[in-house]
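Got chain F sorted already, so can you dock chain C onto it with the hints?
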Amino acid sequence: MIEGARWRKWIFFYVPMALFLLFLLFPFYWMVITSVRPDGELYRPWNSINYNPFWTWKPTWDHVSYLFEETLFASWLWNTTFIALASTAISLVCGVFAGYALSRLNFPFAGSLGTGIFITYLVPQTLLFIPLAEIIRNYRLGDTPWSLILTYPTFLIPFCTWLMMGYFKAVPKELEECARIDGASRWQAMLYIVIPVAIPGILSAGIFAFTLSWNEFIYALVFLSSPEQKTVPVGVTSELIRGDVFYWGPLMAGALLGSIPVAIAYSFFVEHYVAGLTGSVKG
Amino acid sequence: MAISAVSATTLREVPPPRRQRLLEDERWLAFVLLVPTIALLGMFIAYPFIRGILLSVTNSRVGMPGDFVGLANFYKIFNDGIFRTSVYNTFLYTGVTTVFKLALGLWLAMLLNRNFRGKAFTRAFILLPFIIPTVLSTFAWKWMFDPTFSVLNWLLYHFGLITGRINWLGDPDLAMISIIIVNIWRGVPFFAISLLAGLQTISPELNEAAAIDGAKPWQRFWHITWPLLLPVTMVVVLFSVIQTFADFQIVYVMTGGGPANATHLFATYAYQIGIGTGLLSEGAAISLAMFPVLFLVVIIQLLYIRRVEVR
Chain F
-12 MIEGARWRKW
-2 IFFYVPMALF
8 LLFLLFPFYW
18 MVITSVRPDG
28 ELYRPWNSIN
38 YNPFWTWKPT
48 WDHVSYLFEE
58 TLFASWLWNT
68 TFIALASTAI
78 SLVCGVFAGY
88 ALSRLNFPFA
98 GSLGTGIFIT
108 YLVPQTLLFI
118 PLAEIIRNYR
128 LGDTPWSLIL
138 TYPTFLIPFC
148 TWLMMGYFKA
158 VPKELEECAR
168 IDGASRWQAM
178 LYIVIPVAIP
188 GILSAGIFAF
198 TLSWNEFIYA
208 LVFLSSPEQK
218 TVPVGVTSEL
228 IRGDVFYWGP
238 LMAGALLGSI
248 PVAIAYSFFV
258 EHYVAGLTGS
268 VKG
Chain C
372 MAISAVSATT
382 LREVPPPRRQ
392 RLLEDERWLA
402 FVLLVPTIAL
412 LGMFIAYPFI
422 RGILLSVTNS
432 RVGMPGDFVG
442 LANFYKIFND
452 GIFRTSVYNT
462 FLYTGVTTVF
472 KLALGLWLAM
482 LLNRNFRGKA
492 FTRAFILLPF
502 IIPTVLSTFA
512 WKWMFDPTFS
522 VLNWLLYHFG
532 LITGRINWLG
542 DPDLAMISII
552 IVNIWRGVPF
562 FAISLLAGLQ
572 TISPELNEAA
582 AIDGAKPWQR
592 FWHITWPLLL
602 PVTMVVVLFS
612 VIQTFADFQI
622 VYVMTGGGPA
632 NATHLFATYA
642 YQIGIGTGLL
652 SEGAAISLAM
662 FPVLFLVVII
672 QLLYIRRVEV
682 R
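Top to bottom, those sequences are chains F and C. Here my numbering is used: position 277 in the first sequence is 264, and no number is missing along the way. Here my numbering is used: position 134 in the second sequence is 505, and no number is missing along the way.
Hints listed in this document are in silico derivations from the structure and should not be mistaken for laboratory results. This one's a predicted model, so the numbers in the text were calculated from it and none came from an experiment. Note that beta-carbon positions come from the ideal geometry of N, C-alpha and C, so glycine has one too. Keep in mind that a hint or two might mislead.
What the hints assert, rightly or not - Within a straight-line C-alpha distance of at most 25 angstroms, the following computed PhoX-like cross-link-like pairs (lysine-lysine) qualify:
#1 F/Lys(-4) - C/Lys447
#2 C/Lys587 - F/Lys(-4)
#3 F/Lys45 - C/Lys513
Stated by the list, open to error - Covered by chain F, according to a simulated footprint, are these stretches of chain C (three or more residues, beta-carbon under 8 angstroms):
#4 470 to 482
#5 490 to 500
#6 563 to 572
#7 640 to 652
#8 667 to 675
Bound-form chain F, shown alone (with noise of 0.2 angstroms):
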């Protein structure tokens, strides 16, 4: 019986938790190796004679000092660090203040311009790309990381909005009357005791929108031109190949650098970020 079930796990569970694990991570395992390995055994055809890729002896920091002296990675990096904090704060406070309208004030339309702000959410950004370009152009924000500061909002006050919400909701209304007894004003009342209960969802939604923010592509690809102004995931695609020519090398230690900043983000908050993304979904 017991010799039965011990097989039975390992069947039902180690096994494919073992390849789950191995087809989730093994990417990230190829991106590290290739960031280290010399060209001479990056470029070796599959089939040769005593060739493994999965290990090197020789490993070289080529690829990594190639990026920060012969490209902008550096300033790709702060690029990208300063737009994703901007548009984080910008998003945090109006998601903040329109989930604690929505959720805890009674006025008229609330409940269609709260359908509204959902719907807003599920609006992806490949819908609106082009003629948003033109505006951006327009409004002479192209180039600028303003133009990505003031659009990014848009994807990420949406859920921002729903998850406090959510967060606001839970709060018992006594708390606020009673600040209110004490001669708080509707708005000083906010300020203190709501929104400090709300706080672990206020970093759920931070973290969130900052990895949002940092992945985000189509926009970064098509409202920027200078290589000076790229983030991260744009510099690399644009500035890391020559016509048909891939620096794998420099591309692998370029995906694996633009990739740390948000692991070690999300490594700090794991919980807070799980707690986003399933608040997100379900609201």
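Here is chain C on its own, set in the frame of chain F:
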């Protein structure tokens, strides 16, 4: 603590200025709080949407306003072979990946729902494909599918499954399969973690009671877990369908729509026409052609959420 901070303010002594009295009115406060959101969403979603529709009925190009041409752009794209291929590809891509993402995601969620050592750790790592910038991780896949240096070919060759190389991204069908694999890879964590959250709300006592009554594992899944998980599943699937249908990044990096325009989706073809060749209005029309399907999915989602809330 927070309450004492408020009562300590000098608010009572000084008569509140007019601005503050206005904010005491619930409607005014709501208005003030919502203005930034409405302004940003109006300026960068509602306005571009209208501009997109107006653009799609003109013949404007980059730097040229253009004249009204009615539905000529739509007529043109519906008679365009590449556009038809993109429509077919988009439906295929969305359909196939959604089925696989749901099946694998549910499986992974059920594995994660057990108790085992290192569970939190595993869950954190499993989400990596979803949080790492898609473009960057897709490059890793492109490198794995490289025609000459593919590690997958190396594996298949050394396991004796192939003798010649497979040109993954050079053949239209294989290229589509490769793209589908990458999308499944990226989407499974999202499905798994969301469905796991749903699974955790199902009381284990239900399953135990059914087990005592003699229900087999498969029956327990089909009659207890699945129906209780359905609301979460619906929302996750609809959400993912929208994102997949409008996907851009994976195809842009993996094939750029090639070989010979065989793997375009709506978004990549719109980009190629609208930005690549500068035919703005035609590109806008291709983008907008996505709208009816997206609209339908959003309506279903709204109706479904309302129904669940009423219940």
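Evaluation of the provided hints:
1. F/Lys(-4) - C/Lys447: violated, 58 angstroms
2. C/Lys587 - F/Lys(-4): holds, 17 angstroms
3. F/Lys45 - C/Lys513: Roughly 24 angstroms between the alpha carbons, so the hint for lysine 45 of chain F and lysine 513 of chain C holds.
4. 470 to 482: holds (count 4)
5. 490 to 500: With 9 residues closer than 8 angstroms to chain F, the stretch 490 to 500 of chain C meets the three-residue bar; holds.
6. 563 to 572: Answer holds; 3 residues pass the 8 angstroms Cβ test.
7. 640 to 652: holds (count 5)
8. 667 to 675: holds (count 4)
This entry does not satisfy hint 1, going by the numbered hints stated previously; all others are met.
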